[in-house]
Amino acid sequence: MSTPYARLPAWADYGLIPLINLAVAFAVAGLVVLLVGENPFRAAIILVKGAFGSGQGIAYTLYYATNFIFTGLAVAVAFHCGLFNIGGEGQAYIAGLGIALVCLAFDQVLPWWLTFPLAILGASAAGALWALIPAWLQAKRGSHIVITTIMFNFIAASAMVYLLVDVLKPLGSQAPETRVFLEGAQLPKLGWILAEFGLRVRPSAPLNVSFLLALVMAFLVWALIWRTKLGYEIRTYGFSPKAARYAGISESRIIMVTMLISGALAGMMALNPIMGDQHKVSLDFVAGAGFVGIAVALMGRSHPAGIVPAAILFGMLYQGGAELAFEMPAISRDMIVIIQGLVILFAGALEHLFRHPVQTLFATVAPKSVGLAAGQERA
Amino acid sequence: MEALDIAANVLSSTIRLSVPLLLACLAGLYSERSGVFDIGLEGKMLAGAFAGAAAAAVTGSAWLGLSAAILVAVALALVHGFASITHRGNQIVSGVAINFVAAGATIILGQAWFHQGGRTPSLPGTARFGAITLPGAEAVRDVPVLGPIYSGILSGHSLLAYLAFLAVPFTWWVLYRTRFGLRLRAVGENPAAVDTAGISVTFLRYRAVVCTGILTGMAGCYMALSQNAGFVKDMTAGRGYIALAALIFAKWKPVPAMFACLLFGFLDALSIRLQGTPLPLVGRVPVQFMQALPYVLTVILLAGFIGKAIPPRAGGVPYVKER
Amino acid sequence: MDLSRVGFVAPPIPAESGADKGAGRLMAEAAIELIGIDKNFGPVRANRDINLAVERGTILGIVGENGAGKSTLMSILYGFYQADAGEIRVAGKPVAIRTPNDAIALGIGMVHQHFMLVENFSVLENIILGAEAGGLLKGSIARARAELARLEREYGLEVDPDALVEELPVGLQQRVEILKALYRGAEILILDEPTGVLTPAEADHLFRILAQLKQQGKTIVLITHKLREIMAITDNVAVMRQGTIVATRRTAETTMEELAELMVGRRVLLRVEKGEANPGAVKLSVRGLTVEDSRGVTMVDDVSFDVRAGEIVGIAGVAGNGQSELLEAIAGTRRAVSGSVTLDGGAIAVTGHADPGELRDRGLAHVPEDRHHVGLVLPFEENENSILGYHDKPAYLKGPLLDTGAILADAEDKIKKYDIRPPNPRLRTANFSGGNQQKIVLAREIEQDPAVLIVGQPTRGVDVGAIEFIHRRLIAMRDAGKAVLVVSVELDEIRSLSDRVLVMCGGRIAGERSPETSEGELGLLMAGVEQEAAE
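Chains as they are written, first to last, in numbering that gives the first Met the number 0: chain P, 0 to 378; chain U, 0 to 322; chain V, 0 to 534.
This is chain P alone, in the form it adopts within the complex (with noise of 0.2 Å):
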């Protein structure tokens, strides 16, 4: 009964099973792109090409990751205190309401970078204020967080179809989104970093300062859960909700802090397209960062250093999958769907597939680097 305890040795955990996982989920993709009529390895040359082969490339490869850096680690924040936010879509979709307030509110008469801490500020709480209902039901009502989180994802749709028909549309305009935002509310754009190194990207490449916002709240998570009184309560209780009432930590209080910051996080994601590239609040802008958060949370083991790979390499899908889809018609990028559905399915659900074997293999060969020395001391 000791494997289940059996540690492996962090390269392992954190390196080499995500690549176990990761390459099932390809082969697996790989023979969808088989049964599509297509060569899998033209269509990985294409896909890596299109994501990295050029300035403009990785522009929009970094441009994705940044949603999903940030819908990323709102999931796992959630994760590390035993709760699933599924709800990074509607709290990310209802973040861009917030985004929309401070920026018509201010686009004509500030800067920039007085807008963008104020939009920081309106993304983060709108996305927290529409996390907080589902943990408030959680904390005090007993509801279960994934079905409400769910069931939220709905409402924020339809809150924001209609508040972008028949609320926030201007005057005479027939599309349902705002105006577009002046330049107060527009971020710079960093494509000039790509051009230090020689890269060549056009003005219009939309990786913005939001990814480094992303970046910086990467390593705040991480501070945040190892590194903070808040973050051991919140593993505390994720570990074992009786052993954080015994430790004096408030059940109520942790989900619904937790959950804030969760959807505080997903809610930033807004920023990056809104103030990043389009410049205004459209429909359904969210695109599905908010559920491609969770593939990016569980391959990214729920630590920052494993999220911005990961948020990396589903950035790289969705550009290569663009290219690819030019390329090879047959192939749309909702190839990216099924592999970030496989991810999940690998790196998730299945998770026991790989991780058992390559535990039993440690023990096996080398039984100190699972922490099995205890186990044989106590026999």
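One or more of the hints may lead you astray.
[To be verified] So these bits of chain V aren't anywhere near chain P, every CB distance computed over 10 Å:
(1) Thr332
(2) Gly356
(3) Gly505
[Unchecked claim] Pairs of lysine to aspartate or glutamate, EDC-like flavour, derived with a Cα cap of 20 Å:
(4) Lys320/U <-> Asp292/V
(5) Lys250/U <-> Glu118/V
(6) Lys241/P <-> Asp391/V
(7) Lys139/P <-> Asp292/V
(8) Lys241/P <-> Asp292/V
(9) Lys320/U <-> Asp83/V
(10) Lys320/U <-> Asp191/V
(11) Lys241/P <-> Asp354/V
(12) Lys252/U <-> Glu118/V
(13) Lys241/P <-> Asp369/V
(14) Lys241/P <-> Glu380/V
(15) Lys228/P <-> Glu54/V
(16) Lys139/P <-> Asp354/V
(17) Lys241/P <-> Glu357/V
(18) Lys228/P <-> Glu118/V
(19) Lys228/P <-> Asp354/V
(20) Lys228/P <-> Asp292/V
(21) Lys320/U <-> Glu118/V
(22) Lys228/P <-> Asp391/V
[Said to hold, decoys possible] Derived DEER-like restraints, expressed as beta-carbon distance ranges:
(23) Ile299/U <-> Lys168/P: 28 to 38 Å
(24) Leu30/P <-> Ile299/U: 42 to 52 Å
(25) Ala304/P <-> Asn277/V: 28 to 38 Å
Hints are computed from structural coordinates only; laboratory data are not their basis. Keep in mind the model is a prediction, meaning the values are calculated, not measured. Yeah, the Cβ is synthetic: ideal placement off N, Cα and C, and Gly gets one too.
Following the hints, position chains U and V against chain P.
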């Protein structure tokens, strides 16, 4: 008289719109009553719809379409079973994964095989499950009260619709009157009791998820082969989640499940009917409000403000033998 | 694995030298024989070379400490696990028991320690589950109803067939378990720690039923760690220690002392040396405390007592008589319905939102009963657990950040003081043994120098060596002038540690006695027969 016609019309479409919800909801009931949570109803329905439409388009047979729909949905249900029963994975994560795989795969394969932007070719009447006129429906059409109810509301649905409503008493009977039902309910409450009684928890739960597969396949098939004449990308549009909401609303019981699905179907029918028309007293109700209502109601129910929904006790927890 | 054991078919011989005491005779009419059974869980050898025979129509007791391998052995017999090596014979024939189904077919029935019942099913539904007559329930239910009536007549096993199991008292739920086994035609009945949740009166009733079953020719295996039960009811007894059977005896030919010695392998100091108590001021005062469980059942009923500085007050009682809820209410982890508790003169908000963290600051330390789920976070590193509950003390913090250096140094210090092994504060807590885990909790709570220490089941699942260490620590706390409250279901432990003994029964304090009071008298109090026993 016109009001009556509108009412009949709305009620008839209530039934039509309830059918996929009801099939999916009963599907979820089998799985969740056995202790396997399933938020992958949506994905299985979608995959079933696509497989049904694709097979019907290629073969021209509605029945082959139905078989394909069931086959594919069962296959996905088995994947869920493999992850959550055999490998004791997180059932919610597994369900989410299946939803994504289905959403992506239906579009990719649809585009690759039919080149119509993710649609399947429009199906001729012979390859669909068309409306069935109930015996005597024509004869009583002009009888007051009975006429509109029988011929206007109850008659004129597809075979699958009638099967869906027959599945309600059937499921009740299976659950409460058969050995399989007894064991199914037991394994969702206390799998250890089932195990020590000499019954395989694994096999029992697998059978439950296969039932889920069959019914979600039928749900998808109904959407593609009865409600519509083919598959359109993302055509389930969240109905799997509404079915899940209905299941919670019905507290995991078959007859209340039917009423919950009829209620949510009615809201849907009403929102289509009312689009843009102002109501007396409240004025114009935004269509989005009606669309969100099932979710809002479910949240309120979950919050315990109107009764309490207690899920099967062992739900969501993989079974591990204790030492 | 020792391959030479496979196919080893010599008559079962007790592992000890006392082979002459019954080996040959045991072969006579064996209902079950276990020959050379081995079972490993990873590196843990749960069962080693078990040889055992049970005579038909007798009651065999299997005794041993927690973790001696009793339950594993019976799970193998019931098809829950497969032995790695060895042979099982039922009525002389070698059999393969791969699933509980095989066991049931061979006439083996089991009453588990934790009942295997579906709580929201009726008694009848529970009884037919897995033994239905056909695909439809109608016939099965009718048959079961008739059969139940017969069993009721034959054995006096009364129970309402249509009652919901969750509404039955524990004793009746256990009866349903026995009926389940008999309904399946069990000839051999295994009971795993059946009296753990019963009052002495209920236990007596159970023993009468078992005696009757024996008379009807059934064979019974009783697993327990309570020697008194063994002496009271069994015909033969096998003693297990560390996965092996160390001796088998005729019950009539052995004594409790001999069995106890065999169980632990050496004479244990049942009593830790301790001097006279020197009680001082009242530190913890409980008045009229009433606590309900989540279903609204009153678990603690108007309880009042004091604990003074420099004394150990022990609370004895059969498990489930409100002791757990009492501790939790005092510690602030469960809300009380009414009553008051004062700590060093200041009130604890037991009926409101008591904050366990605040109580710690006020000098109340709590070693909870369940260290796996409450007292420790098993996936945490040892040093992380060594601050659980004290994680907001300034000593461990640098602003909002944890001071990892200070925490590690502190953990290493405690590891030395309490001889926690292995001495590695970075090791996952799950990888420590039960005794060392308990030491981690004790070190954490004691080293904060609390004025009041409350301890639930101080030595549950703890190896013998650590028991003595823990007892000494608790007495040292007392001698340092702290108020100590100990709850334990082990009467011996209570008598050995306490300066005053309170007996809980049905949620009430049934009486206060000195630790010198005889076990018999305390036992009667625990059973709720206070008036006659007292004065």
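Checklist entry - Which earlier hints turn out false for this structure, listed by number in ascending order? => result 1, 2, 4, 15, 18, 20, 25
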